[in-house]
Amino acid sequence: MNAMTFHRSLHGVAEVAGMIEAGAMLLLAGDERLLRELPRGDWIGGTIPYFMTAEHGGIHDAERIFVARLPVSASIAHQAIYDADSLPHFAADGADNGFSVILLPSQSPVHSRFAIEGTEWKGLFDRPVVGWVTGVALDRVGIDSAKVFDGRTGRVSDSAAAVMHVALPDTVFAKVDIVNLFEQGDGETLTFDEPGFSTEWVRVDGERMRLVDFIADRGIDTRLPLVADYNGAAINVAIARIIGDEGRVEFFAPVFAGMAYRFAKPIGHYPTQFEAAVAGMETAPTFSCNCVLNYAYADLEGQRTGTITGPMTFGEIAYVLLTQTMVHLTIEQG
Amino acid sequence: MGNIVVQQGDVAIAPESDPRWRTLVSGERKFEYRCLALRIMMIRIRGTYERDASSLQALVAELRQFFVANLRFAAPDYESIFAGAAR
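If you're matching them up, the sequences are chains V and E in order.
Residue 47 in this note's numbering sits at position 47 of the first sequence, and the numbers go up by one each step.
Add 1000 to the 1-based position in the second sequence for this note's numbering, that's all there is to it.
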């Protein structure tokens, strides 16, 4: 672990409060009750109780907070809560050299707006953008609401985004990338006429039919995502649920008109393949997160994904909203 | 600003008037982009151009700005594009 790398681990509330009071700059993930106990300071946080940790591997923990500490040479250029009207302009507040971390509450207006419109926003690609969609325990979906926290102001929101714009010294720069074990399968090409988080209709090799019928006819395992090829980057759209009586399919990220999707090929043992995929990484990530669906579908509790740690989230962000994907940000010399 | 050469370290970023920017936006030349940001951004840029060809100049400016802002990790892509290594 180099000098610019976060120290990452699970900590109790008192320990995290001590870090904040000592002036540390933190990215936090944990249960809402814990985050509400923290003092004001240089941190943003989001709700989620699932983590990939160095100590335990995958773990569901509602009593400790996952801490990612910014390197001391970094500074916070700006930090704020952005609502659905201000979020499209968030990039204007970023540092000339640095990166932005964005936390979006699941099922919120900023979640859907970022996912569908984000690539159109001015300045989105001016610097690395990473983050995640905050969530709740899987057995509390529909009961609890996901939250984000701005530690500087003490604001908590279930409808707006928390963003930290981080500035870096000129001797280093940030870089973001993904690890996605899924790749397009050999099945038919699927396209959609409209963007959105749900659909009734799909075009299968150009022929219009109901997606629920396609899934049933082909015996699709809906734990496998739809995958699109973004100039060599495999971008997933995970299936959230099938609403049989409405004949609709809901997604955890939007599909887009004009993109060609195929259902993914099945993968083997996730931890083994993941470890192989990250074996060539030369720089330890400063920030990383992975998807709670990978946690659940690959049964990652108690298992490790190489040396990669972070929250297991309701959506991952690397410039755009991703699903069933690991996002990592590294700080490179030069 | 867009029509002067910007020097970033050892690399000079070509001005917007360089015709190679336009061929990227229009899709006349295609590359296997290496960095994630460019892979994603080019999907949006190409899609916008396909819907509205009159946006060409604005898209050229945006693409060039990407390299000005991110050259430290996007330099390999810039160098392959401007070395003419089209596939």
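Do not rely on the hints blindly, as some may be mistaken.
Said to hold, decoys possible - Capping the alpha-carbon separation at 27 Å, the derived lysine-lysine pairs in DSS-like fashion look like this:
1. E:Lys1030 with V:Lys122
2. V:Lys175 with E:Lys1030
3. V:Lys175 with V:Lys122
What the hints assert, rightly or not - Okay, the calculated beta carbon distance ranges per label pair:
4. V:Thr283 with E:Phe1082: 51 to 57 Å
5. V:Gly268 with E:Val1068: 51 to 57 Å
6. V:Ser112 with E:Ser1026: 40 to 46 Å
7. V:Asp139 with E:Pro1019: 47 to 53 Å
8. E:Ala1061 with V:Asp93: 17 to 23 Å
9. E:Val1011 with V:Ser112: 34 to 40 Å
10. V:Glu21 with E:Gln1057: 49 to 55 Å
11. V:Gly247 with E:Ala1012: 53 to 59 Å
12. E:Gly1027 with V:Glu250: 50 to 56 Å
What the hints assert, rightly or not - To spell it out: a stretch of chain V is covered by chain E in this simulated footprint if at least three of its residues, at any positions, have a beta carbon under 8 Å from a beta carbon of chain E; those stretches are:
13. 224 to 234
14. 315 to 329
Source of the hints: derived by calculation from the structure; they are not laboratory data.
The structure displayed is predicted, hence computed values, not measured ones.
From the three backbone atoms N, C-alpha and C, an ideal C-beta is built for every residue, glycine too.
Going down the list of hints, with the structure as the test:
1. E:Lys1030 with V:Lys122: Distance of about 24 Å is within 27 Å: holds.
2. V:Lys175 with E:Lys1030: 23 Å, holds
3. V:Lys175 with V:Lys122: Roughly 19 Å between the alpha carbons, so the hint for lysine 175 of chain V and lysine 122 of chain V holds.
4. V:Thr283 with E:Phe1082: 51 to 57 Å: Given range 51 to 57 Å: violated, Cβ gap about 27 Å.
5. V:Gly268 with E:Val1068: 51 to 57 Å: 42 Å, violated
6. V:Ser112 with E:Ser1026: 40 to 46 Å: 31 Å, violated
7. V:Asp139 with E:Pro1019: 47 to 53 Å: 58 Å, violated
8. E:Ala1061 with V:Asp93: 17 to 23 Å: 21 Å, holds
9. E:Val1011 with V:Ser112: 34 to 40 Å: Because 39 Å falls inside the window, the suggested range holds.
10. V:Glu21 with E:Gln1057: 49 to 55 Å: Holds, at about 52 Å.
11. V:Gly247 with E:Ala1012: 53 to 59 Å: Distance hint for glycine 247 of chain V, alanine 1012 of chain E holds at roughly 56 Å.
12. E:Gly1027 with V:Glu250: 50 to 56 Å: 33 Å, violated
13. 224 to 234: holds (count 4)
14. 315 to 329: Since 3 is at least three, the answer is holds.
Hint violations for this structure: numbers 4, 5, 6, 7 and 12, all remaining hints satisfied.
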